[in-house]
Amino acid sequence: MSDMDLQIAGEVVTDDPLLLPAEKLEWYREAKIGLYIHWGLYSLTQEGEWTMFLDGIDVDEYAKRADEFTGEKFKADELAELALTLGARYSYFTTRHHDGFCLFDSLTSDFTSIKTGANRDFVREYLDAFRAKGLCPALYYSPMDWRFPGYFFPHMYRKNALAMKEQGYAQIRELMSNYGEIPVLWYDGGWLAHGGLHFSMKTGWHGREPGTPGDQGQWFWEPEKLNAMVRELQPDVIINPRSGWQGDFDTHEAGQLYKFLDQNKIQNDRLWEGCDALNEWWSHVPGIQEGRGTDHWIRTVSRVICRGGNMMINIGPKGDGSLDPEHVAVFEGAGQWIHANSDAIYGTKGGPFEPGSWGGASCKGDEVYLHILEWPEDGLVLPDLGKSFATACLLVNEAPVAMKQNQDGFKLSRPAELEPVVNVVRLR
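Numbering (the working numbering), first residue to last: 3 to 430.
Honestly, I wouldn't trust all of these hints.
No more than 25 Å apart at the CA atoms, straight line, and that leaves these computed lysine-lysine pairs for DSS-like [as the list claims (entries may be wrong)]: (1) K161 <-> K227; (2) K75 <-> K320; (3) K366 <-> K413.
Hints were generated in silico from the structure; no laboratory data involved.
Please build the complete structure, drawing on both the sequences and the hints.
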């Protein structure tokens with residue numbers, strides 16, 4: 003993944019036979035918080051998951067690194083505990099990124115953690131550990147593969163491109179067949195086949211114009227065919243939109259997420275999910291990017307929940323599989339707020355108050371939860387929504403909040419003591 007997130011599904015087709023019915027999506031709607039895990043051969047460099055591509059590393063040279071990737075300190079139990087600490091109820095794990103290196107056993111390739119230095123099936127270890135903790139572990143898979151020239155030039159190297167496609171189909175079949183029930187399949191690489199390059203004497207190799215058929219490579223991958231296979235193998239799996247098919251939910255990654263949040267749009271009908279990482283890259287990079295400490299994640303989770311979405315926060319284990327204590331501390335801090343305000347998060351919908359710089363609201367049953375980011379000294383004034391509330395209190399300690407209500411709306415007095423980042427008020 004990178005900050006070139008592409009929401010490639012256009013207008014949603016609601017009568018699509020591949021879409022899951024609403025009742026099979028309910029667990030996901032209620033789960034709200036997830037742990038994203040990016041780990042692979044690229045983690046050895048501590049320079050990001052795109053290092054093979056950006057540094058122009060030769061395919062054979064890159065493959066030699068697989069013998070160094072042993073994962074000697076990788077403990078799936080530690081990641082499962084981290085998920086619980088965060089308050090996550092589901093998770094994603096990179097079974098394979100764009101470099102083509104698989105963390106699972108595959109009959110289609112020798113470029114796997116089973117057949118190289120580690121001699122371990124990390125996907126199975128992850129699934130077993132997370133299931134044992136009562137979590138819903140799901141899988142990330144990128145069908146694109148930088149080792150294939152056909153990825154970059156599918157029209158010039160058509161046989162090679164088709165070989166990559168066949169590999170993708172076969173490996174997805176393996177993941178959907180050999181690892182038990184998979185709750186979510188999260189494809190990456192929405193710009194499949196490098197945008198679908200064409201050649202002309204005037205402009206040379208160029209991508210198709212945006213909006214033209216196949217401008218993202220759907221023409222090549224046949225996503226409806228691919229996901230029909232997935233549905234046959236895993237009837238209840240929830241699928242994201244990055245295979246070229248619209249999927250069961252929308253995704254907003256990194257920079258795109260914050261642009262979406264700034265629109266102050268509440269989206270409770272079609273499921274959506276935000277995701278971001280502690281650094282510019284998703285795999286392990288030392289340190290934490292400025293402005294992405296604990297407070298940032300508390301605010302971001304709150305903003306996502308108030309707009310009706312789910313939020314995935316990413317961790318990248320080091321190359322040896324161990325977790326960076328500085329990164330873990332961020333998850334611990336964010337998790338404290340999530341657990342303390344769990345009633346305002348899990349199983350809620352966005353609204354009914356329109357979000358803004360002041361904060362936003364979530365709701366569940368007859369209760370409304372105000373997530374207050376900015377509480378003016380002279381009180382917070384909100385518009386009348388035709389509903390009266392008898393009581394208001396801070397959710398963390400049930401301390402009462404003075405409230406005045408009339409036909410124009412109501413005003414909440416600012417308490418003397420407040421939480422440092424986001425304060426949640428429960429209205430009944």
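Inset, instruction - Return the numbers of the hints above that this structure violates; sort them in rising order. - result: none
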